[in-house]
Every structure is written in C-alpha cells, then in structure tokens.
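Number of protein chains: 2
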Amino acid sequence: MAQKRSAFFVSDRTAITAQMLGHSLVTQFSDVLNFNEITLPFVDSVEKARAAVEQINREAAQDGTRPLVFSTLVQAELATIINTANALILDCFDIFIRPMEKELGVPASHTVGRSHSAIDFVDYHQRMEAVNFALRHDDGASTRELAEADVILIGVSRCGKTPTCLYLAMQFGIRAANYPLVPEDFSSMRLPAQIRGLRKTLYGVTIGPERLQQIRNERRPGSSYATLSNCAFEVREAEALMRQENIPYLDVTSKSIEELATTILHEAKLTRKIY
Amino acid sequence: MAQKRSAFFVSDRTAITAQMLGHSLVTQFSDVLNFNEITLPFVDSVEKARAAVEQINREAAQDGTRPLVFSTLVQAELATIINTANALILDCFDIFIRPMEKELGVPASHTVGRSHSAIDFVDYHQRMEAVNFALRHDDGASTRELAEADVILIGVSRCGKTPTCLYLAMQFGIRAANYPLVPEDFSSMRLPAQIRGLRKTLYGVTIGPERLQQIRNERRPGSSYATLSNCAFEVREAEALMRQENIPYLDVTSKSIEELATTILHEAKLTRKIY
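As given, the protein sequences belong to chains A and B, one line each in that order. Once you know that position 214 of the first sequence is 333 in our numbering, the rest is easy, because the numbers rise by one and skip nothing. Once you know that position 229 of the second sequence is 348 in our numbering, the rest is easy, because the numbers rise by one and skip nothing.
Chain A with its partners taken away, still in its complex shape (with noise of 0.2 angstroms):
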C-alpha cells in the first residue's frame, strides 16, 4: 500500500462519462494502490486546462508518483494542453475517435456537449414527466394513472422500491410506479385490488429479513413493524403471493440500485426513452 497515486477526471463539459469510466478502471487496481480521485468539470477554455495542468502536477510533486488522467476534452486545443501535464494521459475521445472515424469514413464533429445537455428539450420534457410520476406514484401514493405506468414495482415496505423508480425515471426517463405489499394482502393471499388488472406491468422487489431489519430498524426503532421475525414473514409471504402470481422479482440485498433498474428494464423488455 505504499504507492500514493491520484486520478483526475478532466472534462470540458460534466465530467460524469470521464469519472464513471476512470472510477471503474481504477477499482480494478484497489486491491493493492489507494487512490485519490479529483473531478475537475467544465475546463472549457485555455485558461481553465492551465490551471488544471498546475493542479495536476502539484499533486504529482507531493504523490512522487504521476497522476493518471482520464480525460474526454472534445476540443483539441483544450487536450494539447491537458497533455503537457506530469502524468498518464488516458484522453477517452482520442482514443476511440481516430478508430471510428476510420472505419465510419467521415470525420467527428468535435462539437462539445452532445451528451448530457439540456438542448434535448424532449428528453429534459421526458425525464421531467418521470420523475414527476415516480413522485405522484410512490409507494401507492395515487391510483389514477396506474394504468399509464411502463411498469409498477410492488413489495414489503421499505424494500427500496422508491430509489428504484427514482434511478428508471430519472436515467432512463422510464414511468415507474410502485405500490407495498401490506399485511392485509398476506391474509387474503391476493394482489391489492387497485393493481390486480395490471399484472404484465408488475415487477416484484424483496429483500433479506436481516437486512430490512435493519433499515426499517432505523426508522422506527424498537416497532414491531422492525422485529426480525415480522421482517421474515412479510418477506416470506410477499415472495410467495408474488410466485403464485407469476410475478417476477428480484433480490435488492445482493444488488446495487443500477443493477436492479438495469435488470428490469432488460427483463421487463422496457425501452429507455432518454439518454
């Protein structure tokens, strides 16, 4: 562990793309190196990649090591002076520009900001509407567009349900509504009546007792509601009326958010509606 090293994460826009590429190369190196992971957004003008190439190299100077950097600068004079730095320069553009352009024989635009601006009014309009329906439509909030739902994630109470619907609306500008199984459905071992006529959109989310336990633990500490054992038997009932029901569902305790909202889209066969 004795290497220092940092990552930058250089972009003339966002950075997001630079960030979520360079953070997942450098985990497959965080067995034995620690990284210091810097974001420097918006370095849109020679005085910014300047300042940025100062920046870099200082740490540098105090790592003993070179940085590396990830960077995706559409504008060529901004990445000549980004690679003037005391570092690994890992431009994400250069690198798979020159292959494209060859095989699609016509030249980038080198324009900045195609992906993640807001001149896509219709996936900023998209989006908006998403989320605004995962809002209105959380946790069986409202009933009156259900019907309207791209799909209806059901389970116990506190499952993640919620974060889920956020990230479908929100990344893939998908209508997600969810709706809790409740004890009373348990008693009578049929869907809640208000969902029942919309079972191709149902997807089912569950959970580990232990681990609901322990979320619903913290919001209403000591309950009944949060004992182990009621824990395990919503969690035992709810993936039974789901398997009785056809209902596929998934297991949120091994699975990040992104991989449960991927899943279902994939699963589900739902088209993203925005990038």
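Everything labelled a hint here was simulated from the structure, so no lab data went into it. None of the values given here were measured: they were computed from a predicted structure. A few of these clues could be false.
The list cannot tell twin chains apart, which means a pair is met if one copy fits it or any two copies do.
[As the list claims (entries may be wrong)] Straight-line Cα separation of at most 27 angstroms, DSS-like style, residue types lysine-lysine; simulated pairs: (1) 123 to 319; (2) 319 to 388; (3) 221 to 388; (4) 388 to 123; (5) 167 to 319; (6) 123 to 392; (7) 221 to 123; (8) 388 to 167; (9) 221 to 392; (10) 167 to 392; (11) 392 to 319; (12) 167 to 221; (13) 319 to 221; (14) 167 to 123.
The hints should help you fit chain B onto chain A, whose structure is shown.
This is chain B only, laid out in the frame that chain A set:
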C-alpha cells in the same frame, strides 16, 4: 444519411459505463449518421457472449455495415468471444487497462463488478439516506432537519429544484433539500424565515419565464399561476432576492440536470459521498 449503423454497448455488468461512453462518442457523428443503439447488459457467461455475437452479426447483415461495439468486459474469456463478431470492437477495458498496468507496475484484478455493485453497503446506505432526505425535504415539506442538509436549493415553484436534488442524492450521495420562493417572500424581499439562518447552504435555481410558463401550464392549464406575466414577475423577483442576499444561482433553461448538479457540487465545494 444513407449509411445505416448499429452501435452495441456490451458488458458483463449493467453496461451503464459502456453505454454512457459509447453514446457520447457516437453523438460526435450524429450530424451525418443515424445510429441504432442497442444495449446488452449482464453478458456474463460463454452462452450469453455467443448469443451477443450472433445478434451483432445479424445486425451487421441487415445494415450492410459493421456495427460498432463498445464493451466493458472484465472477463478475458468473454471479451475473446465478443472479438469474433463482425464489428469494430472498442473494448474500453482492454484499451485502458494495458497502459494502466504498465504505468502502475501491478496487474489489474480483472474482477467483475467493482463498480455499480451492492458490495459496498456503506455507499448503498449513504445513497438511500440521501434519497430519503431529498424526498422528506422536497418543496419545504419538512423543516425539521434542514440544518443537516449539505445544500438547500431555492427558487420559484416548478423551476427544476426537485429533480436536481434527487440527482444530487442518487448520483453523489449529497443531502439536498429544496425550499420554494413564493410571492410572500417577494413582497417582503426577505428569505423565508425557515432558511434565513442557513444562508451558507443555499443555492439558487432560476429559469426562463417562457419555459416556466410552459411547465406550469401543463400542470395547471389556464391558471393565473401559469401566465407568462406571473412567471416573468416571479422569476424577476426571485433573482432580485437572490442577488440581494448574495446567493449564487444557476439558470436551468440552458442546462441539463447533470450539468446543474455537477456545477452545484463543484461551485458549492461539496464532496461527493458515493461513486
């Protein structure tokens, strides 16, 4: 526009990284080419890799051109299979991992799913907490723990505070609350009492009156709340109040949620808590 091209985003995990990078790269050619974008997540077995190759080859035959394939396959065996497809393969891991191994002097772990996996329970918990915090403190809903917010977004109703807060929570683990500025605040030209003492955590959001009118009119068609004159009045007064109080603010009209959230993170010097 004659050339038809497909772009595949292939991964043994969620494919979010491959898709984000690949999408922003193909948009560099979207002036002259139309891409059919296809995401193949969870390609995590030999069988699935072979099925992916078949799908890519079918698309190549249909299009009459080789697809572009952006892949993030950690497992070398699967990458080898994908490499046999009739396509330009742009293997994001392979391209970067080699120079990184050389620079760092250690081999990559080639372990699947270090990024976007639920393994890191601390990250998961941070994010859930942040999302729940944003939901509890949406639109001034609760003022109880406002002092615990990392940032409080202020602005007129329907200007984009809520999705920006949720994005900050989901993507960066930031505890973001939002509080509306309403006509009463403009007649007194003072900040609402509930947030007056929290000036350092306030960040403003504003919007073009025409856009605001459009958004409000969808919500409450024909209301005086949604008229252009009222929208223009509220926006002008809110901006004057924020200037008077020295609160930095951003215009959502020309920015995407990602840009807003990243800019606020950067300018308010907040530290992202999750990756």
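Verification of the supplied hints:
no., hint, verdict
1, 123 to 319, "neither (52 angstroms within a copy, 34 angstroms between copies)"
2, 319 to 388, "within (11 angstroms within a copy, 45 angstroms between copies)"
3, 221 to 388, "neither (34 angstroms within a copy, 41 angstroms between copies)"
4, 388 to 123, "between (45 angstroms within a copy, 24 angstroms between copies)"
5, 167 to 319, "between (52 angstroms within a copy, 26 angstroms between copies)"
6, 123 to 392, "between (42 angstroms within a copy, 21 angstroms between copies)"
7, 221 to 123, "between (38 angstroms within a copy, 16 angstroms between copies)"
8, 388 to 167, "between (44 angstroms within a copy, 17 angstroms between copies)"
9, 221 to 392, "neither (30 angstroms within a copy, 40 angstroms between copies)"
10, 167 to 392, "between (35 angstroms within a copy, 25 angstroms between copies)"
11, 392 to 319, "within (19 angstroms within a copy, 37 angstroms between copies)"
12, 167 to 221, "neither (31 angstroms within a copy, 29 angstroms between copies)"
13, 319 to 221, "neither (45 angstroms within a copy, 51 angstroms between copies)"
14, 167 to 123, "within (26 angstroms within a copy, 39 angstroms between copies)"
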